[in-house]
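Chemist: Okay, here's what each chain looks like letter by letter:
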Amino acid sequence: KAGVTQTPRYLIKTRGQQVTLSCSPISGHRSVSWYQQTPGQGLQFLFEYFSETQRNKGNFPGRFSGRQFSNSRSEMNVSTLELGDSALYLCASSSYSSYNEQFFGPGTRLTVL
Amino acid sequence: AQSVTQLDSQVPVFEEAPVELRCNYSSSVSVYLFWYVQYPNQGLQLLLKYLSGSTLVKGINGFEAEFNKSQTSFHLRKPSVHISDTAEYFCAVSDGAGNQFYFGTGTSLTVIP
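So the protein sequences, as listed, match chains V and S. Under the numbering used here, the letters of the first sequence match residues 1 to 113, in that order. Under the numbering used here, the letters of the second sequence match residues 1 to 113, in that order.
In short, the hints are calculated from the structure, not lab data. Keep in mind that a hint or two might mislead.
[Unchecked claim] Okay, the calculated bits of chain V under chain S, using three or more residues with CB under 8 Å as the criterion:
#, region
1, 45–56
2, 104–111
[As the list claims (entries may be wrong)] Calculated pairs, EDC-like style, for lysine to aspartate or glutamate (alpha carbon to alpha carbon, straight line, at most 16 Å):
#, chain 1, residue 1, chain 2, residue 2
3, V, 13, V, 85
4, V, 57, S, 95
5, S, 49, V, 101
Computed from a prediction, not measured in an experiment: that's the story for all the values here. We put the CB at the ideal spot given by N, CA and C, even for glycine.
Produce the entire structure from the sequences given, and follow the hints as far as they go.
Modeler: This is how it looks when you write it as structure tokens:
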């Protein structure tokens, strides 16, 4: 079974721009979660989608948004980028049968200049 | 809400020596506990998990962890480390009700030859 894939792997943007990151979960997994990882803050939960519905949301500003498609693929969008948004964005998927084990993708490294 | 504290941000240890990475959590409800490992430029990989049953959990790569409910701890141990164990280790907790994980800030394990 293919693992969780994230595209692109690396991204460089400038302040004020917007960005869209993509995540394809493991086949059959219906839950997708997004995390922001920074050296100072560790992993911080952004949101979780299950069957196209946002089920949980972390404490991030509205500039961060996401969605999930009927094939469980998910995207997250960050608008009006700030320097502090530079981070590794990780996506994780899980199945209903083992919903407490998350499988992580390699991440997208976003650099905001 | 749950929270996770990893007491040591950096742990240097000589090769073949034992190591313990400490993790404490706070929660008023039953929790599920996890340890993940992250190698450079990669996503997170599950080492082991505690869902229920025996409090001593064995994982991959010779790691084990013990769930201690009275001390709200889930420390990770390995009797003899190898150079390849050098990585970042994250402790995480989930309440199982949804699919939201709470991660600690990570412990950087460096194995010295």
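Chemist: Each hint needs a verdict: does it hold in this structure or not?
Modeler: Verification of the hints:
1. 45–56: Contact hint for the region 45–56 of chain V vs chain S: holds, 5 residues under 8 Å.
2. 104–111: holds (count 4)
3. 13(V) x 85(V): Holds, because 10 Å separates the two Cα atoms, which is no more than 16 Å.
4. 57(V) x 95(S): At roughly 15 Å apart (the allowed maximum being 16 Å), residue 95(S) and residue 57(V) satisfy the hint.
5. 49(S) x 101(V): holds, 8 Å
Checked against the numbered hints given earlier, this structure breaks none of them.
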